[in-house]
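Peer 1: Residues per chain are reported as follows:
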Amino acid sequence: MDYLLTEEQKMLQELSREIAREKIKPVAGEYDKTEEFPWPIMKILAQSDLFSVFVPSEYGGTGGSVMDLCIVTEELSRACGGIAVCYAASALGTFPIILFGNDEQKKKYLPPLAKGTSIAAFGLTEPAAGSDASAIQTTAKKVGDHYVLNGTKHFITNGGEADIYTIVAMTDKTKGARGASAFIVERGTPGFTFGKKEDKLGIRASVTRELIFTDCKIPAANLLSKEGMGFIITMKTFDMSRPGVAAQALGIAQGAIDIAIEYANERKQFGKAISSFQGIQFMLADMATKTEAARALVYSCARAIDSGSKDVAKESAMAKLFASDVAMEVTTDAVQILGGYGYMKEYPAEKFMRDAKITQIYEGTNQIQRNIIALGLIKESKKK
Amino acid sequence: MISVILDKCVGCSLCIKVCPFGAIKLVDSPRACVDAFGRGEAVGKKAVIDLDKCNLCGACLESCKFGAIRLDKKESIIKKIKLEDYKGVWVFAEQKKGKVQSVAFELLAKAKDLAKDLNTEVSAVLLGDNVENQAAELFQRGADNVYLVEDAKLASFCDEAYTKIIVKLIEKYKPEIFLSGATTIGRSLMARIAVIVNAGLTADCTGLDVDKEKRLLLQTRPAFGGNIMATIICPNHRPQMATVRHKVMKEAGIDKNRKGKIIREKLNDDALFSRTNVLQFVEEISSTVNIAEADIIVSGGRGMKAKENFILLEELARVLGGAVGASRSAVDSGWLGYSHQVGQTGKTVCPKIYFACGISGQIQHLVGMQSSKIIIAINSDPYAPIFNVATYGIVGDLFEIIPKLTEEFKKARQ
Amino acid sequence: MKIVVCIKQVPETTEVKINPETNTLVREGVQSIINPFDMYAIEEALRLKERFGGETTAISMGPPQAAEALRQALSLGIDNAILVCDRAFAGSDTWATSFTLASAIKKSGFDIIICGKQASDGDTAQVGPGISAHLDIPQVTYVRKIESIINGQIKVERLMEEGFDIIESSLPVLITVVKEINEPRLASLKNMMRAKKAVITQWTYKDLELNEADIGLNGSPTKVVKIFTPPPKEKGKLLEGTTEEIVRNLVNSLKGDICG
Numbered sequence: 001m002d003y004l005l006t007e008e009q010k011m012l013q014e015l016s017r018e019i020a021r022e023k024i025k026p027v028a029g030e031y032d033k034t035e036e037f038p039w040p041i042m043k044i045l046a047q048s049d050l051f052s053v054f055v056p057s058e059y060g061g062t063g064g065s066v067m068d069l070c071i072v073t074e075e076l077s078r079a080c081g082g083i084a085v086c087y088a089a090s091a092l093g094t095f096p097i098i099l100f101g102n103d104e105q106k107k108k109y110l111p112p113l114a115k116g117t118s119i120a121a122f123g124l125t126e127p128a129a130g131s132d133a134s135a136i137q138t139t140a141k142k143v144g145d146h147y148v149l150n151g152t153k154h155f156i157t158n159g160g161e162a163d164i165y166t167i168v169a170m171t172d173k174t175k176g177a178r179g180a181s182a183f184i185v186e187r188g189t190p191g192f193t194f195g196k197k198e199d200k201l202g203i204r205a206s207v208t209r210e211l212i213f214t215d216c217k218i219p220a221a222n223l224l225s226k227e228g229m230g231f232i233i234t235m236k237t238f239d240m241s242r243p244g245v246a247a248q249a250l251g252i253a254q255g256a257i258d259i260a261i262e263y264a265n266e267r268k269q270f271g272k273a274i275s276s277f278q279g280i281q282f283m284l285a286d287m288a289t290k291t292e293a294a295r296a297l298v299y300s301c302a303r304a305i306d307s308g309s310k311d312v313a314k315e316s317a318m319a320k321l322f323a324s325d326v327a328m329e330v331t332t333d334a335v336q337i338l339g340g341y342g343y344m345k346e347y348p349a350e351k352f353m354r355d356a357k358i359t360q361i362y363e364g365t366n367q368i369q370r371n372i373i374a375l376g377l378i379k380e381s382k383k384k
Numbered sequence: 001m002i003s004v005i006l007d008k009c010v011g012c013s014l015c016i017k018v019c020p021f022g023a024i025k026l027v028d029s030p031r032a033c034v035d036a037f038g039r040g041e042a043v044g045k046k047a048v049i050d051l052d053k054c055n056l057c058g059a060c061l062e063s064c065k066f067g068a069i070r071l072d073k074k075e076s077i078i079k080k081i082k083l084e085d086y087k088g089v090w091v092f093a094e095q096k097k098g099k100v101q102s103v104a105f106e107l108l109a110k111a112k113d114l115a116k117d118l119n120t121e122v123s124a125v126l127l128g129d130n131v132e133n134q135a136a137e138l139f140q141r142g143a144d145n146v147y148l149v150e151d152a153k154l155a156s157f158c159d160e161a162y163t164k165i166i167v168k169l170i171e172k173y174k175p176e177i178f179l180s181g182a183t184t185i186g187r188s189l190m191a192r193i194a195v196i197v198n199a200g201l202t203a204d205c206t207g208l209d210v211d212k213e214k215r216l217l218l219q220t221r222p223a224f225g226g227n228i229m230a231t232i233i234c235p236n237h238r239p240q241m242a243t244v245r246h247k248v249m250k251e252a253g254i255d256k257n258r259k260g261k262i263i264r265e266k267l268n269d270d271a272l273f274s275r276t277n278v279l280q281f282v283e284e285i286s287s288t289v290n291i292a293e294a295d296i297i298v299s300g301g302r303g304m305k306a307k308e309n310f311i312l313l314e315e316l317a318r319v320l321g322g323a324v325g326a327s328r329s330a331v332d333s334g335w336l337g338y339s340h341q342v343g344q345t346g347k348t349v350c351p352k353i354y355f356a357c358g359i360s361g362q363i364q365h366l367v368g369m370q371s372s373k374i375i376i377a378i379n380s381d382p383y384a385p386i387f388n389v390a391t392y393g394i395v396g397d398l399f400e401i402i403p404k405l406t407e408e409f410k411k412a413r414q
Numbered sequence: 001m002k003i004v005v006c007i008k009q010v011p012e013t014t015e016v017k018i019n020p021e022t023n024t025l026v027r028e029g030v031q032s033i034i035n036p037f038d039m040y041a042i043e044e045a046l047r048l049k050e051r052f053g054g055e056t057t058a059i060s061m062g063p064p065q066a067a068e069a070l071r072q073a074l075s076l077g078i079d080n081a082i083l084v085c086d087r088a089f090a091g092s093d094t095w096a097t098s099f100t101l102a103s104a105i106k107k108s109g110f111d112i113i114i115c116g117k118q119a120s121d122g123d124t125a126q127v128g129p130g131i132s133a134h135l136d137i138p139q140v141t142y143v144r145k146i147e148s149i150i151n152g153q154i155k156v157e158r159l160m161e162e163g164f165d166i167i168e169s170s171l172p173v174l175i176t177v178v179k180e181i182n183e184p185r186l187a188s189l190k191n192m193m194r195a196k197k198a199v200i201t202q203w204t205y206k207d208l209e210l211n212e213a214d215i216g217l218n219g220s221p222t223k224v225v226k227i228f229t230p231p232p233k234e235k236g237k238l239l240e241g242t243t244e245e246i247v248r249n250l251v252n253s254l255k256g257d258i259c260g
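Residue numbers (this note's numbering), protein chains in the order written: chain G, 1 to 384; chain Y, 1 to 414; chain Z, 1 to 260.
Treat the hints with care, since some could be wrong.
Claimed, not checked - Here are the in silico distance ranges between beta carbons for each label pair:
(1) G:Pro40 / Z:Asp136: 23 to 31 Å
(2) Z:Asp136 / Y:Asp7: 44 to 52 Å
(3) G:Ala288 / Y:Asp7: 53 to 61 Å
Think of the hints as simulated: they come from the structure by calculation, not from any bench.
None of these values were measured; they are calculated from a predicted model.
The C-beta atom is built at its ideal place from N, Cα and C for all residues, glycine as well.
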């Protein structure tokens with residue numbers, strides 16, 4: 001389908017596709033096995049300016065469009081959902097600075113992030129604060145011209161590898177969610193260490209790790225916006241980044257379809273390619289249709305954000321919810337089409353299925369997404 | 001320029017079939033058939049040549065039975081020479097560490113045939129340090145003369161000095177034909193010489209013949225990765241130079257009684273001066289058997305699954321006295337060094353027997369080995385394209401087959 | 001330092017197929033690419049610039065559509081692109097091609113010229129050395145590593161059949177490179193955008209002040225007299241049976257060739 005991409009977006013798509021095909025696909029299986037952080041690939045992405053697409057041009061980027069981010073994430077995910085998330089998580093960690101940073105913070109942090117010489121991470125989740133962000137235990141106490149951070153974040157994508165972290169911590173526990181604030185923390189700050197590395201079902205090329213703050217002193221200038229804005233910053237960041245997760249799911253689904261079709265054309269049973277059997281054809285048709293529907297939703301949502309729509313929470317939740325559910329279904333069907341081979345680690349289908357699962361969970365579980373959508377609907381009905 | 005003579009063209013499309021550049025089309029609109037100057041009013045189908053695609057190779061001229069294609073050539077300023085001043089067939093006797101390489105003996109065999117047809121002599125050109133002892137074998141293998149230039153500075157190949165010396169020899173003795181192996185050295189050296197002496201040079205020939213009457217060397221070489229063959233001549237310049245692919249021609253036999261004349265050339269320091277200097281030669285242990293030289297190559301691809309498994313191929317190669325090769329994907333996976341890579345971005349090989357084990361047979365690989373005399377493909381995928389070029393195909397598990405094969409060959413060789 | 005890379009646009013070989021009925025090359029829909037070996041030359045030029053500073057120029061001789069190959073070179077980070085393009089160049093053999101390219105390189109200026117070891121369509125490996133001969137500069141072919149450039153001296157490794165030579169040469173120099181030398185990068189978004197807008201310099205034979213008699217078909221000593229498809233290989237034999245049978249069968253078939 002023609003999504004009327006601009007000349008530049010087509011170029012970006014072609015470039016990302018080439019990187020995915022030439023550089024990522026051949027190594028995806030290996031990273032899945034070793035769980036090493038894919039630095040060589042991150043260097044390639046940086047050299048090709050792909051980290052610049054989500055940063056505004058005045059800070060060394062090439063635009064700062066969510067649509068561009070989605071295009072890249074989709075193409076990379078088509079080859080490896082894990083490597084794609086290392087990339088997309090840097091965007092996630094960068095968005096709070098783009099959205100709420102002051103000029104000084106932007107000038108300091110965005111150019112290296114746009115170049116890819118630094119990568120970012122976003123630190124919100126804690127052992128006791130998953131979907132309920134107001135339960136955050138990490139504290140930031142103001143002492144003179146510094147804040148002192150104490151607490152532990154876990155399940156942090158790019159943890160330990162990223163250079164720049166945006167961390168949500170409580171400045172006033174008594175205010176609940178309104179007592180949360182967001183900070184920029186650089187790797188190497190005394191008192192900031194890394195804990196356990198998780199052993200995951202999927203997206204194993206990406207690293208998920210604990211961040212530990214022990215009397216970690218950061219300059220007060222690293223506070224994003226104002227105290228108490230942490231929750232709003234988080235919500236707005238997720239509104240921007242959710243289409244990225246949706247695009248990741250979309251790419252994983254597309255990658256699984258690619259594998260399924262290739263296999264169905266090659267695999268012969270009863271003297272014929274299995275793609276000539278209606279049972280397989282119907283499965284492929286459904287997989288492709290669902291994926292295309294997801295794509296339409298993801299792209300529309302990304303474009304709405306880029307065109308300046310203010311309230312996109314509902315739409316971006318819909319895109320993430322739908323695309324990730326589709327990814328799970330489509331990758332499961334792809335495994336089915338490959339039959340016994342689909343279940344074997346030697347073939348790439350099962351990896352897509354494992355990679356797809358996380359997209360239903362992170363950046364707000366799909367149950368939370370449904371909450372957001374329902375809240376949006378109720379709010380809208382009351383306005384009428 | 002090239003043009004179609006519309007009156008003569010009957011629209012038979014023979015030229016379209018032979019055009020390697022897809023530059024000819026049949027057009028049936030009469031207006032579209034007029035030539036570049038708007039002349040002509042052809043009716044029916046006529047050939048038109050797209051000059052942006054045309055490479056003036058002349059293949060269509062040859063094919064046209066109606067003489068309907070014309071190719072005009074202007075005289076070059078390259079000064080006209082008297083062709084009849086040039087006599088003799090020369091062979092560059094490539095030597096390494098003072099030992100003449102086998103490719104030179106292959107060339108001598110061919111040179112003997114050519115010289116016989118042209119009723120002339122065969123000479124070898126030998127440059128090096130203390131290499132006079134090599135002349136005897138050159139004579140025994142068919143050389144009538146050996147042009148010998150010795151100097152410590154010529155011990156190992158050096159583009160500039162070798163070029164200058166051979167150019168001087170060519171200018172002085174005027175050979176009619178000059179052949180070299182299409183080796184690393186031969187290809188670098190001959191291309192430089194050809195430009196300086198204003199001679200035509202054809203690379204990597206697999207066939208050489210001679211037009212006795214016109215005294216022309218007919219040089220046949222593969223192009224487009226071996227998908228087409230081209231025969232090339234050099235009508236107005238001398239010497240007619242060609243590099244010849246290793247292992248395509250049979251080595252000349254030895255006639256112990258054959259003797260010849262050594263023509264020793266003294267050269268001044270200027271000829272020996274070079275702006276490039278070889279500081280050191282480093283032999284690579286991993287490529288003790290050079291795959292370009294090997295008569296038998298056992299190659300492995302992605303299907304070998306891991307670096308350790310190449311030991312299976314090494315054992316088979318050792319039993320057969322061959323070398324181990326690899327596909328690009330095996331080299332890219334780090335299983336074997338680049339010097340083992342066969343294919344478009346690696347080496348082109350032409351052994352007697354080529355084993356392709358777990359190699360699917362991408363076109364890039366095929367162009368590097370498809371001229372091997374016997375190809376044995378072992379692959380678990382019956383649809384792998386390697387089977388299209390295989391002399392013997394085996395569909396099965398190479399991890400089971402190869403050890404047994406090694407065992408059987410061991411018995412057979414005893 | 002002025003770094004010049006010579007590139008050629010070639011048909012993508014994976015696409016070169018033979019029509020089994022007419023026995024001719026199928027050319028429809030054949031993609032054009034930069035000669036794979038030239039990709040290593042481009043990468044090495046970019047790396048030299050990163051290491052030693054300077055300016056990179058890609059030069060290609062070819063039809064107007066070869067501008068696409070140059071644009072791709074720009075999108076990889078090459079600074080300037082020159083297309084040497086004229087109908088009068090058609091029919092050039094390696095002598096005339098290297099002569100024409102040498103004239104263009106002389107006009108553009110150079111300290112180091114980098115070529116791929118050969119083109120994937122012609123496979124001659126003659127144009128690189130030809131250029132250096134026309135320019136009367138030293139050459140090192142089959143380079144697999146550039147060690148250093150100090151005080152106008154370059155130190156490189158040349159791949160030989162059984163190992164490699166370490167060679168020193170004065171600048172200016174022409175080198176041809178092999179695959180082993182580097183791993184080519186992919187384009188970058190910013191360079192792609194620059195390439196899209198870039199104006200590619202075009203030089204005709206008149207711009208190079210060449211004589212029509214010395215170029216193209218006129219300036220080419222060699223002449224193609226016949227093009228034909230090689231006789232098809234005899235159809236292979238699929239060996240069947242148990243592993244033992246297959247192995248015995250094969251060994252018997254090969255005995256003569258192996259022991260002889």
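Peer 1: With 44 to 52 Å as the target window, see if Z:Asp136 and Y:Asp7 comply at their CB atoms.
Peer 2: holds (49 Å)
Peer 1: Indicate whether the distance between the beta carbons of G:Ala288 and Y:Asp7 respects the range 53 to 61 Å.
Peer 2: holds (57 Å)
Peer 1: Is 23 to 31 Å a correct range for the gap between the Cβ atoms of G:Pro40 and Z:Asp136?
Peer 2: violated (42 Å)
Of the numbered hints given earlier, the model fails hint 1 alone.
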